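Whole structure, please, built from the sequences with the hints as guidance.
Listed below, chain by chain, are the residues.
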Amino acid sequence: MNRAFLAGLVRLAITLAVIGAVLLAVLIPFALPHEHPGTVIAAFLLGPLSSLRHLGNVAEYATPIAFTGLAATVVFRSGLFNLGIESGVFLGGLAATTAALLLLSFGPFTPFVAIVVGAVVGSISCIVPGELRLRWEAPEMVTSLVLNFAILYAGVFFLNYYLRDPAAGSLMSYRIPADAKLDRLLAGTRLNSGAIVALVACLAGGVWLYFTRSGLNLRIVGQGPVFASHLGLPSRRIIMQAQIVGGMIAGMAGAIQVLGLYPRFSWTQLPGLGWTGIIIAILARENPFYVVPAALFLGYLQVGGDFLARDIGIPSEVVGLITAAIMLAVTATAIFQHPAVLRLIRRIRQVEAAR
Amino acid sequence: MTGLLNIVADPATFATVLRVMTPLLIAALGILISDRAGVFNLGMEGMMLTGALVGVLVSAWTGSAWLGLLAAVVAGGLMGALMAFAVNTLGANLIITGIALNLAASSGTTLGLFFATGDKGMSGALKSGVMPSIDLAVLGSIPVIGPFVSGHNVLTYGALLAVPLVSLMMARTAFGLRIRAVGVDPKAAATVGISVKLIQLKALILSGVLGGMAGAYLSMGYVSWFAQDMTAGRGFIAIAIEVMGMGTAWGTLAATVVIAIAETLAITMQTLGLPNELMQMIPYVVPIVILTIWTARGRAKRAALK
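Quick mapping for you: the protein sequence lines, in order, are chains A and B.
Numbered continuously in this note's numbering, the first sequence closes out at residue 361.
Numbered continuously in this note's numbering, the second sequence closes out at residue 286.
A few of these clues could be false.
To be verified - Here are a few chain B residues that sit away from chain A, every Cβ distance over 10 Å (derived from the structure):
no., residue
1, -3
2, -1
3, 106
4, 107
5, 112
6, 115
7, 130
8, 147
9, 149
10, 151
11, 153
12, 166
13, 204
14, 241
15, 251
16, 285
Stated by the list, open to error - Some chain A residues judged to face chain B by a derived CB distance under 10 Å, without partners named:
no., residue
17, 87
18, 89
19, 134
20, 141
21, 143
22, 147
23, 157
24, 163
25, 164
26, 284
27, 285
28, 327
29, 331
30, 335
31, 338
32, 341
Hints are computed from structural coordinates only; laboratory data are not their basis.
Predicted model only: the values in this text are computed from it and were never measured.
Positions of the beta carbon are idealized from the N, C-alpha and C atoms, including for glycine.
Put into structure tokens, the structure is as follows:
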């Protein structure tokens, strides 16, 4: 067996152990005041697995955040900390709705056209901070952070003045035409064909990053621009490509979320899916292949949270606390680069090498 | 146009600028301290949100707005300590820690409000306190200037007072010098016997204290209740302000004034019938433009030196 693979298994085992420990550490204080603490924890952990429909809900939650997780992975791999993904999702959803409402119907290709429009428009949110950074060295983390809100208000303006259905009670668009909606895959859930696209996109992203020259170039540039320039790589162009691709994936996330789930576009706040994408990219160690399990895991937590809210009466926001704690624990070098862990990994490698 | 002039000359407009400024200035000064110590506080939004909730809850329970403020400040300081622990002891990434803190605060305050009041959205049912406004007896009676300088919230005066205090602390005290030393080069600071971890812990606690205070102003001054995610990105604007202020207290004050005027303009232009969503964009677009111009100029200068 491959040495690197075994060493990877050690890290995976530690990751799982850490996640389990954090999960219980956050959950138990909420369970203890309850009459039967066991039922609280069981509802959270086992509820999502209790039926096919709930597994479908897990996949439904996982769909948009797999996209944003992939988007964050691509953007971070370029070495820029571009947070524009958050508004990219919003913009993608808005643009796809606009396309579905205003453009002619393209028959069965209508959702495809709308998603492409969403992806292209959504990419603006990552391109602008990336361009400002590359051209004028404006710090992309700060500019993307505030640009998110600028885009939000511009989008709400557009929604209010151009897409708003006056007959609807609150601020929301006209009904999205039926032929623009994505096919539902499982009765009783909102799981839609976007989930398949997400899976394919993550696998394709992994193949691109690890098995193609342009993916290798991106990894080199992200690791160290100086080394990349010694190799003669066009760093600026490669970084910009990553912002465009990441932004487009974020836009797709928004488009697929709106066309797959909602009757109308009604976001008047940033949906938060971009931030979740960052969490997923971190959990997945910026590896597209791991984005799918990471997204499914967060979807599982979310459905578990829904069970808590419905059956026990504890608000599902507990999931936010758990996720935040997992973020810290999983990135803690004190755990993952602990001398004992490093020694263990080295020993495994040496034993294998000796054979 | 005369309508606009009347608005500008109105003491009420000036008061709005100060109201908008107060939380941003306090938070930006908090970020400044953390930034100079090399531990950029991206968790400011979460610290403000936590301060806002704790202030409302404690002031409602004790009947004292001042105790509410104290509790908010302590809560913010604890979050700062938590951040220092995560970064320096657990070895987690600084930026990720900030994001995690914001997420935890957003969820945690919703849970806290729910368990305290049974409501997830707003604290309207609680009788929480409000920080008092101060009438400056002598200054307030001066004919023209009086209405402008007197009668503002005590935390507004506190925020303005904090600017010279932070400036003096950073420039003239041993603690400020150590913070700057750690921020510029932690290894060099360590070799002359400064405990990097301790300085960063103190800086983050101070940053959190200011964050808690900024949040308390939002829920006990700006308005008199707590609402879910009520900070609405102010912690992020404060980050942009601090970066625009180039790491100095006075620069931060200047940047805050620019943003607060932009936001006040947005609020008053809505009353003139302009689309309010477009006006709301202004305070978010201004920092992008200013930051880009400044970094571009900085680069041009460096290029000229070569």
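Each hint tested on the structure:
Against the 10 Å criterion, residue -3(B) stays outside the reach of chain A, whose nearest CB is about 19 Å from its own CB. Every C-beta of chain A lies more than 10 Å from that of residue -1(B), the closest at about 19 Å, which supports listing it as non-interface. No Cβ of chain A comes within 10 Å of the Cβ of residue 106(B); the nearest lies about 18 Å off, and the non-interface call holds. With a closest Cβ-Cβ approach of about 23 Å to chain A, residue 107(B) is found to remain outside the 10 Å limit, as its non-interface label requires.
With a cut of 10 Å on Cβ distances, residue 112(B) stays outside the contact zone with chain A, its closest approach being about 32 Å. At roughly 36 Å from the closest C-beta of chain A, the C-beta of residue 115(B) stays outside 10 Å, upholding its exclusion from the interface. The non-interface label for residue 130(B) is consistent with chain A: the shortest C-beta to C-beta separation is roughly 33 Å, beyond 10 Å. The Cβ of residue 147(B) sits about 22 Å from the closest Cβ of chain A, beyond the 10 Å cut-off, so the non-interface label holds.
Non-interface call for residue 149(B) relative to chain A: holds, since the shortest CB-CB distance, roughly 24 Å, exceeds 10 Å. Distance check for residue 151(B) against chain A: the nearest CB is about 24 Å away, which clears 10 Å, and the non-interface claim stands. The beta carbon of residue 153(B) is kept farther than 10 Å from every beta carbon of chain A, the shortest such distance being approximately 28 Å. Distance check on residue 166(B): its Cβ is at least 16 Å (rounded) from any Cβ of chain A, clearing the 10 Å threshold; non-interface status holds.
With a cut of 10 Å on Cβ distances, residue 204(B) stays outside the contact zone with chain A, its closest approach being about 23 Å. With a minimum CB-CB distance of about 16 Å to chain A, residue 241(B) clears the 10 Å threshold, and the non-interface call stands. For residue 251(B), the shortest C-beta to C-beta distance to chain A comes to about 17 Å, beyond the 10 Å cut-off, and the non-interface label holds. In this structure residue 285(B) is separated from chain A by more than 10 Å, as the shortest Cβ-Cβ distance comes to about 15 Å.
At a threshold of 10 Å, the smallest CB-CB gap from residue 87(A) to chain B is about 7 Å, leaving the interface hint in force. The closest approach between the C-beta of residue 89(A) and any C-beta of chain B is roughly 9 Å, which is under the 10 Å cut-off, so the hint is satisfied. For residue 134(A), the shortest C-beta to C-beta distance to chain B is roughly 8 Å, which falls under 10 Å, so the interface hint holds. The interface hint given for residue 141(A) is met, as the beta carbon of that residue sits about 8 Å from the closest beta carbon of chain B, less than 10 Å.
The interface hint given for residue 143(A) holds, since its Cβ lies 5 Å from the closest Cβ of chain B, which is under the 10 Å cut-off. At a threshold of 10 Å, the smallest CB-CB gap from residue 147(A) to chain B is about 7 Å, leaving the interface hint in force. Among the interface hints, the one on residue 157(A) holds; its C-beta lies about 9 Å from the nearest C-beta in chain B, closer than the 10 Å criterion. About 4 Å separates the beta-carbon of residue 163(A) from the nearest beta-carbon of chain B, less than 10 Å, and the hint is met.
At its closest, the beta carbon of residue 164(A) sits 8 Å from a beta carbon of chain B; the interface hint therefore holds under the 10 Å criterion. Here the hint on residue 284(A) is kept, as its CB sits about 6 Å from the closest CB of chain B, short of 10 Å. Below 10 Å, beta-carbon pairs count as interface contacts, and residue 285(A) has one with chain B at about 8 Å; its hint therefore holds. For the restraint placing residue 327(A) at the interface with chain B, the shortest Cβ-Cβ distance is roughly 5 Å, inside the 10 Å limit, so the hint holds.
At its closest, the beta carbon of residue 331(A) sits 7 Å from a beta carbon of chain B; the interface hint therefore holds under the 10 Å criterion. Checking residue 335(A) against chain B: minimum C-beta separation of about 8 Å stays under 10 Å; hint holds. The beta carbon of residue 338(A) comes within 4 Å of a beta carbon in chain B, closer than 10 Å, and the hint placing it at the interface holds. With a cut of 10 Å, the hint placing residue 341(A) at the interface with chain B holds, because the nearest CB-to-CB distance is about 7 Å.
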